[in-house]
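From first to last, the protein sequence lines stand for chains A and B.
Position 369, counted from 1, in the first sequence is what our numbering calls 369; the numbers after and before it change by one each time, with no gaps.
Position 105, counted from 1, in the second sequence is what our numbering calls 105; the numbers after and before it change by one each time, with no gaps.
Wrong hints could be hidden among the right ones.
Derived pair list, reagent style DSS-like, types lysine-lysine, alpha-carbon separation capped at 27 Å [claimed, not checked]:
| hint | chain 1 | residue 1 | chain 2 | residue 2 |
| --- | --- | --- | --- | --- |
| 1 | B | 368 | B | 350 |
| 2 | A | 390 | A | 246 |
| 3 | A | 345 | A | 283 |
| 4 | B | 368 | A | 153 |
| 5 | B | 228 | B | 109 |
| 6 | A | 127 | A | 158 |
| 7 | A | 158 | B | 115 |
| 8 | B | 390 | A | 202 |
| 9 | A | 5 | A | 115 |
| 10 | B | 313 | B | 265 |
| 11 | A | 127 | B | 127 |
| 12 | B | 202 | A | 158 |
| 13 | A | 153 | B | 153 |
| 14 | B | 312 | B | 363 |
| 15 | A | 395 | A | 368 |
| 16 | B | 390 | B | 283 |
| 17 | A | 158 | A | 11 |
| 18 | B | 225 | B | 241 |
| 19 | A | 228 | A | 109 |
| 20 | B | 158 | A | 158 |
| 21 | B | 313 | B | 282 |
Keep in mind the hints are simulated off the structure, nothing from the lab.
2 protein chains.
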Amino acid sequence: MEAEKQIELLKQRTEVFLGEEQLIERIRAGKKLRVKLGVDPTRPDLTFGHMVVFNKLRQFQDLGHQAVLVIGDFTTRIGDPSGRSVARPILTEEEINENAKTYLEQAFKILDPAKTEVRRNSEWFGKMSLLDALQLARQMTVARMLERDDFAKRYAAKTPISIVEFLYPLLQGRDSVELRSDVEIGGTDQLFNNLVGRQLQKDAGMPEQAVLTMPLLVGLDGERKMSKSYGNYIALNDSAKDMFGKVMSVPDATMWVYYELLLEKSPAEIAAMKNEHPMEMKKRLASALTAKFYGEEAGRYEREQFENVFSKKQAREDMPAFAWDALVPAGAPDASLVDLLAATKLFPSKKEIRRLIEQGAVKIGDRKASGVGERLEKAAAAGTVVQAGKRIFVKIL
Amino acid sequence: MEAEKQIELLKQRTEVFLGEEQLIERIRAGKKLRVKLGVDPTRPDLTFGHMVVFNKLRQFQDLGHQAVLVIGDFTTRIGDPSGRSVARPILTEEEINENAKTYLEQAFKILDPAKTEVRRNSEWFGKMSLLDALQLARQMTVARMLERDDFAKRYAAKTPISIVEFLYPLLQGRDSVELRSDVEIGGTDQLFNNLVGRQLQKDAGMPEQAVLTMPLLVGLDGERKMSKSYGNYIALNDSAKDMFGKVMSVPDATMWVYYELLLEKSPAEIAAMKNEHPMEMKKRLASALTAKFYGEEAGRYEREQFENVFSKKQAREDMPAFAWDALVPAGAPDASLVDLLAATKLFPSKKEIRRLIEQGAVKIGDRKASGVGERLEKAAAAGTVVQAGKRIFVKIL
């Protein structure tokens, strides 16, 4: 595909795209672009938030370029402070390795492994000395670092910033030098760090990487960014059932954002969808996202399950109530379960009622009906809910 | 000597003395204190400014304690920004080693080598990894670093501060951990760095060092601190002649500071000296300081030389002038040098004049008189200065 057309596609859904001209030149020259994405294995799972950047990386792969996935096993020991108001906790090497392993499994649910170079930044940082660190630290000023939005806010609020946090962006930038990346992809909060990479490449006399940032995905609450630490997230390794259910829980406005950033729908497609019933569209979204990770069949199955539970809940909320005396002959102290249910006129025949009891599909309160000969006493029956099959609920007053 | 008496002596001339109580305890417990002084071999020579702290270290030695002299061969690669408004230039390893060598020679003009442990901080920093650096950087906040006076000023003035400069105080502090120092001596501008050492020792679970700072010595200009970069300094390896001459050039007020900080005179002694003639006292100061480095004889010799030159200069400034016609018979186009000089009546006899000429001690302008038969022509002689011996100058008009 010609360079301009590629760039047009790659530009979709980005917030910042810097160095476009240089990229066009490199694509024209026939270069397979090295497209860097770094993830720090700070927790055991990736979220749908990561999916936004992974989707973009996948798009590069589909256009024939080389994904370079950097597992920040070394930088995780510092903790990227980007967009956070407190320093991250320190992880052990074991935790980091465990997390890195699951990250890869999850990343390959979206990326094409054949077109992905996986690197760990301990490869180069593990060999670096104190002197190397000092030379790196020399390449950045305190003032420039304090211009970064989150640092500026923390400094103003007198929230401690450890000096080690000033070194993080330099290390991330150094990754770009080591990997000779042509592009770095990241969330919006990575813009500063990605620009540092550009500077360090320039200082090292190599062509600068383009920088491409994606919007941060909003979480299930529809308010804050999706984050493992806010608990408002869907993990890439959540079960199909949880994935479907969590998507169903988002506000309508958030649903359209997910259609855009997770399913990569165009503005025109989304405009058309807005004419449909929102509940139906949310089910389709949940089904499509579940299908992405667990296959079409799973997507369909989870929708069915969800609808069953939903209908049952609906039935229960709307259930009819009957007075004892309206169902049995006047003055009778007890009645057969079959006669009682037949008197509600909710069943086609006594035969159908007997069949349900025999299948064990009839419940009196919390216990299963014992058999077709079961009788209920008036006093005991008062206030009881009888369920027959999945959707019929009857309350006895 | 008992602990309190030692502390009283050690406190003399200090600006800050922190941790006095702990020191008293350690001395009482019979501990030989480890007294750290760090110097960065950034230039080929030490100055009289260093002498102030070296004198204090020597005082510790004289009381039986252990001097630990740290040659900052590693930290010099960063450059201590203390009290400076711009970052220092980077030195090569070779320059650093060369400087370190001459530093030691100079330091031992003041310190007792037998009671001095010399260490280079490359010993431990040369082995440290990037990860060690990060762990060190974690121990300090940006805000605390920006409280340091010089950083605060530079930040406010928007003068760039490199992040590497924030690491310097941490490295200097780390030296104290490695050396388990009981005391750190430094100039006033080292107070912040020395306190970092105290903190890092505490973090490492060891007893904290006392901190003792000395005033910064004022330079030859009597205004700015003595510094190699201001050019207003006396180097410990200046020649005896330069040393004497430079001391003679300081303003009177500065002379008393030198008596106090370099010769360790008490306020009472200085008060008494102020009754003497300032020129005499300055000669004594210059002589004593020269003697400290080159021996008593050299001190005396330089004073004598100085006085000779000074008298000669005086003689030249006051020299008499004679009209040609007043010295020779009227109308004579030339005259013998001997007759000419005899006519000035500045010499006891013609014999003495001849002796001076024969010794080569008579100069006509810039050239030596050729012999006792020399004659001068009127036209050529006009405006010439004739010097005979060291102190007689005659101008012919």
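Cross-check of the supplied hints:
no., hint, result
1, 368(B) with 350(B), "holds (18 Å)"
2, 390(A) with 246(A), "holds (24 Å)"
3, 345(A) with 283(A), "violated (34 Å)"
4, 368(B) with 153(A), "violated (79 Å)"
5, 228(B) with 109(B), "holds (19 Å)"
6, 127(A) with 158(A), "violated (35 Å)"
7, 158(A) with 115(B), "violated (46 Å)"
8, 390(B) with 202(A), "violated (67 Å)"
9, 5(A) with 115(A), "holds (21 Å)"
10, 313(B) with 265(B), "violated (32 Å)"
11, 127(A) with 127(B), "holds (12 Å)"
12, 202(B) with 158(A), "holds (24 Å)"
13, 153(A) with 153(B), "holds (21 Å)"
14, 312(B) with 363(B), "holds (14 Å)"
15, 395(A) with 368(A), "holds (16 Å)"
16, 390(B) with 283(B), "holds (21 Å)"
17, 158(A) with 11(A), "violated (38 Å)"
18, 225(B) with 241(B), "holds (23 Å)"
19, 228(A) with 109(A), "holds (19 Å)"
20, 158(B) with 158(A), "holds (20 Å)"
21, 313(B) with 282(B), "holds (18 Å)"
The structure shown violates the earlier hints numbered 3, 4, 6, 7, 8, 10, 17.
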